[in-house]
Amino acid sequence: MSDADTKHIGLKRHARIGARTTKMLNENLAPLLRYLRRQRGRCWGAVFSEICASLDTGSTVKMHVRQHIEDFVLTRISIGRGGEWMFEGQVLGRKSRWFRRRDLFVDPRDGILKDMTVLEAMLATGQIQAEGGTQ
Numbered sequence: 000m001s002d003a004d005t006k007h008i009g010l011k012r013h014a015r016i017g018a019r020t021t022k023m024l025n026e027n028l029a030p031l032l033r034y035l036r037r038q039r040g041r042c043w044g045a046v047f048s049e050i051c052a053s054l055d056t057g058s059t060v061k062m063h064v065r066q067h068i069e070d071f072v073l074t075r076i077s078i079g080r081g082g083e084w085m086f087e088g089q090v091l092g093r094k095s096r097w098f099r100r101r102d103l104f105v106d107p108r109d110g111i112l113k114d115m116t117v118l119e120a121m122l123a124t125g126q127i128q129a130e131g132g133t134q
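So the sequence shown is numbered by numbering that gives the first Met the number 0: it starts at 0 and just counts up by one.
Treat the hints with care, since some could be wrong.
Below, a list of computed lysine to aspartate or glutamate pairs in the EDC-like style, where the Cα atoms sit at most 16 Å apart [said to hold, decoys possible]:
id: 1; residue 1: Lys-113; residue 2: Asp-102
id: 2; residue 1: Lys-61; residue 2: Glu-49
id: 3; residue 1: Lys-113; residue 2: Glu-69
id: 4; residue 1: Lys-113; residue 2: Asp-70
Label pairs and their calculated CB-CB ranges [stated by the list, open to error]:
id: 5; residue 1: Thr-116; residue 2: Gln-66; range: 22 to 30 Å
id: 6; residue 1: Gly-9; residue 2: Gly-110; range: 42 to 50 Å
id: 7; residue 1: Gly-44; residue 2: Asp-114; range: 38 to 46 Å
id: 8; residue 1: Asp-114; residue 2: Gly-57; range: 27 to 35 Å
Please keep in mind that the hints were generated in silico from the structure rather than gathered at the bench.
Note that CB positions come from ideal geometry on N, CA and C, so glycine has one too.
Please build the complete structure, drawing on both the sequences and the hints.
Here it is as structure tokens:
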């Protein structure tokens with residue numbers, strides 16, 4: 000093989016290209032999801048406070064588990080000027096918009112942790128309008 004045929008790449012790139020599998024964390028988030036589901040109907044502030052008390056930021060693993068909370072709970076829903084419910088600047092319920100589905104959400108009206116099927120039913124029945132306003 001000549002020097003012209005030799006290609007130099009970095010070690011990380013070589014591992015990414017040549018490896019069959021990548022190294023990943025073996026996460027067991029089922030206990031967190033079970034806990035969150037059992038907390039339906041409670042104030043999100045109280046639930047989150049309990050999680051923070053148990054999973055302090057002094058441990059890398061505990062901090063990592065805390066970062067996964069938003070994989071299961073839609074927490075940052077806001078109410079727009081016209082009464083529409085929004086998440087990250089997008090109106091919920093619009094057919095053209097997509098967001099990753101979670102199991103639970105925090106109702107912006109009362110701060111209660113609720114099942115996502117409640118939000119989906121409210122959007123489907125028009126209790127929350129995609130174009131603004133609540134009925």
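Against the structure, the hints:
| no. | hint | in the structure |
| --- | --- | --- |
| 1 | Lys-113 <-> Asp-102 | holds (9 Å) |
| 2 | Lys-61 <-> Glu-49 | holds (13 Å) |
| 3 | Lys-113 <-> Glu-69 | holds (14 Å) |
| 4 | Lys-113 <-> Asp-70 | holds (15 Å) |
| 5 | Thr-116 <-> Gln-66: 22 to 30 Å | holds (25 Å) |
| 6 | Gly-9 <-> Gly-110: 42 to 50 Å | holds (48 Å) |
| 7 | Gly-44 <-> Asp-114: 38 to 46 Å | violated (18 Å) |
| 8 | Asp-114 <-> Gly-57: 27 to 35 Å | holds (32 Å) |
Hint compliance for this structure: hint 7 alone is broken.
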